[in-house]
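Going down the list, the sequences are from chains R and B.
Under the numbering used here, the first residue of the first sequence is numbered 1, with each subsequent residue one higher.
Under the numbering used here, the first residue of the second sequence is numbered 1, with each subsequent residue one higher.
Read the hints as simulated data drawn from the structure, not as lab findings.
One or more of the hints may lead you astray.
[Claimed, not checked] Using 20 angstroms as the maximum straight-line C-alpha spacing, the simulated EDC-like pairs for lysine to aspartate or glutamate come out as follows:
| hint | chain 1 | residue 1 | chain 2 | residue 2 |
| --- | --- | --- | --- | --- |
| 1 | R | Lys131 | B | Asp637 |
| 2 | B | Lys17 | B | Asp58 |
| 3 | B | Lys612 | B | Asp637 |
| 4 | B | Lys86 | R | Asp142 |
| 5 | R | Lys75 | R | Asp44 |
| 6 | R | Lys140 | B | Glu93 |
[Stated by the list, open to error] Here are some, though not all, of the chain B residues that point toward chain R, as calculated from beta-carbon distances under 7 angstroms:
| hint | residue |
| --- | --- |
| 7 | Cys103 |
| 8 | Phe104 |
| 9 | Tyr119 |
| 10 | Gln122 |
| 11 | Asp124 |
| 12 | His125 |
| 13 | Phe132 |
[Stated by the list, open to error] If you want the ones that stay clear, here's a sample from chain B, every Cβ over 12 angstroms from chain R, calculated:
| hint | residue |
| --- | --- |
| 14 | Thr8 |
| 15 | Arg61 |
| 16 | Ala118 |
| 17 | Pro133 |
| 18 | Val225 |
These numbers come from a predicted model, not from an experiment.
Ideal Cβ placement from N, Cα and C applies to all residues, glycine included.
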Amino acid sequence: MGKVKLATSWLDACAGCEMSLLDVDEFVIDLAQAVEFTRSPITDIKEFPEVDVGLITGAIGMNEQEEEAKELRAKCKILIVLGDCACFGGICAMRNAFPKEAVLRRAYIECESVKDGKIPSSPEIPVLLEKALPVNAVVKVDCFVPGCPPRAKDIKYALSELLQGRIPVLPSDMMRFD
Amino acid sequence: MSDRKEITLTVNGNQVKGKEGDTVLQLCRANNIYVPTLCFMEGLSNVGACRLCVVEIDGERRINPSCTYPARDGLVVRTHTPNLEKYRRLILELMFTERNHFCFFCAASGDCELQAQAYRYQMDHARYPYTFPALPTDTLNDFMVIDHNRCILCGRCVRVCGEVVGNHTLDFSRRGWRTLIAADLNQPLGESSCISCGACLQACPTGAIFSKVSAYRGRTSEGKVIHSICSLCGIGCEIDVLVKDNNIVRIDGANLAGLKGQLCLMGRFQQVYNENQRIITPLIRNKKGDLEPASWEDAMKLITGKIKDYKAYYGASSIAGFASSLCPSETLEAFVKFMRNTIGTSFIDTFDGSGYRAVIQGISTFSKNGKGLEIESPLESIMDADCVMVVGSNPLETHPVAGSYILRAKTQKKVNVIVVDSRPNTFGFRSDIYLRPDNGSEAALLGALEGLVAKKTKSTEKSMRFISLGRAVEKTGLDKDAIQKAAAMLSRAKNPVIVYGDGVLSANNPKLIARLLDLAKLANHDGLKVISLKPRGNSRGAWELGLANQDGMAKIKPKMAYVLFSDDTFETGDWVDQVGQAEFLVAQASYRSQLTDCADVVLPSPIWAERKGKYVSLDGKVGHSQKVLEPSSGIKDDVEIITKLAKGI
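All chains, please: the whole structure from these sequences, using the hints.
Right under this line is the structure:
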């Protein structure tokens, strides 16, 4: 049996989920034997090839992230999302209480560390969506691992199950939203 | 209730028994059948708000909430079918998407019932679009925050505020999905009629209402819960103290919806955190006049030496001892022995001793058969009364839980409440009749009420001397009608209870207390129902130990004073001047205060959480408080200090 091809995508997130993924200790050796990492922060490959498993961390907060999620969904057989942001909107959704304009103004103009700031408007940079959304609001998701961040053992459980051909749902006693 | 008919139901294929009048949920719980709930709370009314407790019942077209479904003989109920579980998960997803339930920055995470249910139903995502409403947060109360973003509108706070606290501050505002919990007419909580008892906070299943003094300091699973009693005011509420790393995280009422379980702002919040400066080592005043840390040996030697000196030069009665009735009986007993037997002085008192002497004199004027505090009624008699008269007290300020009993009786049983106080008293606004006689004329008012009640009930005793209505009007400055209305209300009642408090106890007027007792006896058909709201957690215990029965205490001028202040905050009374005039002052205290600032020697004393002992509640019930914290190494137990001092003399 060949290696399982995996591509990851880091959207609106803080890197906590990636840290947790690296925190699986010696399981990373088993993982490396069973899985071929294609696009990921480790390999620095930019394009998504056709893969077996797609993995997303983070919410969808910009149009670029929306497109990326759709592209990965199209190229993977199973899509797994990690962390509260990807599952529920999480930290990123805290901005949803305010209109997009107010959020941008706060970040680029009113922020204490900014002098003579202006809201960037170049067509080359992604556009902030009105609300930060969980991934399943944009594309179909097959497997969810919540947690802020998900603990290494949750990720290990989910990936082991996937490698054995099962779609995992975290058991009640493993579920954590914080 | 035991004569209710027994009924048999089939739940999940098994025969279970219950009583007619039970709800299906009650019956399931009694038979250890788990049904998930969120809006249900033991002791509160059932409203069926959350729909998590739905069950299938044969013959019903739809699934029904078990908390509001009356159990009937022969019902066939199923509590856990795939269909029900599907709906329960759906309900949870709707709750999570309706508002902003993000656990990672929530004070309740780990102790949240909504979160626990989501874990239970493996709710790792929601299938519905999130509404992300921008809801306000009310932070104006000193101790509590209401975060509407985390509210599931279960209404437990509304029900506990109305049904248990009797305060009816919280209610729902607006309609449908726009509904918000509101205080009064949509005021911020801190500007509302809220008495900050925190019952709503304890009832809240999520982080929608959380405590400013406990948030983020630890979860229940990280600490240890110690069951104890609150020793502050003499009601003796049962508390569960959550302790983590030798710190108090949170104090909960042990039985929120029952009696003595709701707690008040003092018991629930103020005991958790205060900014007073703790005394952790003995202090001796040096030649420059400053207090300086000293060893236990030096401090004890100085005290025993001074006691011997004063005894030798001026006699033992030049030394007086004052003790806080916040201390447990064991400590007070040791103190009495030390002062009376070891030193040999009879001048001992509690800070609230003058109140006791007035009560005892009042009782002996009222009946000459040598009875004492035992003529008073248990606090619960308020709940059975048909009229409550509150004299010289705002129970919501001094004894909030007693205040709640009165408000509950008033709102749930339509019991009439009369408030008599010469001071401005906001409890008067909660009453049916609020009489505010001129200062010092309360006895005249009571005398007139006696006369009017006696005329109506035709029960009188020869020894009683009433005051005419005309004279009472003249003395009290009150309206004639108002006095007559109050008298009529008292006469209509069969089982009225009179509750009196600090206004009467500090008036130093035994006649007023005798009048109260006379009136109570005349008005009540079964006997005498009187409750005095004693100021401290162990006032009654201290008084029963004879700590406060020395006559003429107010006149003595001690040369040396020993004050067992502990963690008290009492700053009024005759004793303050007496202590201030003493040449040599020893203070055994937990915190720096005005008292320790003028003391010559200060010994550290444990606070309530660092000691255990017996407490006698204001209605004479014995309770035991537990040690919940380990004191720091410099602090010794009060009894140990007193015993050591006694050995040194």
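Verification of the supplied hints:
| no. | hint | in the structure |
| --- | --- | --- |
| 1 | R/Lys131 <-> B/Asp637 | violated (60 angstroms) |
| 2 | B/Lys17 <-> B/Asp58 | holds (17 angstroms) |
| 3 | B/Lys612 <-> B/Asp637 | holds (10 angstroms) |
| 4 | B/Lys86 <-> R/Asp142 | holds (19 angstroms) |
| 5 | R/Lys75 <-> R/Asp44 | holds (18 angstroms) |
| 6 | R/Lys140 <-> B/Glu93 | holds (17 angstroms) |
| 7 | Cys103 | holds (4 angstroms) |
| 8 | Phe104 | holds (4 angstroms) |
| 9 | Tyr119 | holds (4 angstroms) |
| 10 | Gln122 | holds (5 angstroms) |
| 11 | Asp124 | holds (4 angstroms) |
| 12 | His125 | holds (5 angstroms) |
| 13 | Phe132 | holds (4 angstroms) |
| 14 | Thr8 | holds (33 angstroms) |
| 15 | Arg61 | holds (32 angstroms) |
| 16 | Ala118 | violated (7 angstroms) |
| 17 | Pro133 | violated (8 angstroms) |
| 18 | Val225 | holds (21 angstroms) |
When each numbered hint is compared with the structure, violations occur for hints 1, 16 and 17.
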